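J.: So the sequences go chain by chain: L and P.
My numbering puts the first residue of the first sequence at 1, with every later residue one more than the last.
My numbering puts the first residue of the second sequence at 1, with every later residue one more than the last.
Do not take every clue at face value.
So these bits of chain P aren't anywhere near chain L, every CB distance computed over 10 Å [what the hints assert, rightly or not]:
#1 D55
#2 L88
#3 P109
Partial list, derived from the structure: chain L residues whose beta carbon lies under 10 Å from chain P [unchecked claim]:
#4 V4
#5 R15
#6 Q41
#7 F45
#8 N56
#9 G58
#10 F60
#11 G62
#12 G100
No lab work stands behind these hints: they were computed from the structure.
Being a predicted model, the structure only gives us computed values, none of them experimental.
Ideal Cβ placement from N, Cα and C applies to all residues, glycine included.
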Amino acid sequence: KAGVTQTPRYLIKTRGQQVTLSCSPISGHRSVSWYQQTPGQGLQFLFEYFSETQRNKGNFPGRFSGRQFSNSRSEMNVSTLELGDSALYLCASSPGPTSGNTIYFGEGSWLTVV
Amino acid sequence: QKEVEQNSGPLSVPEGAIASLNCTYSDRGSQSFFWYRQYSGKSPELIMFIYSNGDKEDGRFTAQLNKASQYVSLLIRDSQPSDSATYLCAVSGNNRLAFGKGNQVVVIP
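Sequences are here, hints too, so could you generate the full structure?
T.: Take a look at the structure:
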């Protein structure tokens, strides 16, 4: 059974640009959540999608957005990139809503903003 | 008060010893608790989950949960160099999973 797949794995962007990251969950999983990980802040919750609906959103500015498609695949977008957005972005999937379910992480997308 | 706290600094343990990691959480309504291991440059991988008070053992790992005191711990017995990693505590509540900042474990051969 394939795991969570994230693309691209590595990318470098310039300040002011935007970026779209993609996530394909484990087959049969309907919930996708996104996290940002930095050395200083640790793993911070961005948002969760279940059945194409955003269930919860973390404390991030509106430049961070996401969506989920009918096949459960998800994308997140960051607009007007700032240097501080450099981080590892992790997608995780679970069979149902995150609460009460185990989540499984993809390998992550390493974003560097220069 | 942070939702999930892992306060202790890097932990160095000799090979074969027991590594003990602690985590406290603020939301009394939390129901599910997880430990993830993250190697440098890799994504977190699930080690264990625990829902009920008491101990849960899986191989060399034991998770302990005390809801009254709002803490969860992880014991690693017979520590191996391959256990050198950062261990993340995660607590489920408020429709999301909150993570601590992690504890680095270094197993010294």
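J.: Which hint numbers does the structure go against, in order from smallest to largest?
T.: Numbers 2, 5, 10, 11, in rising order.
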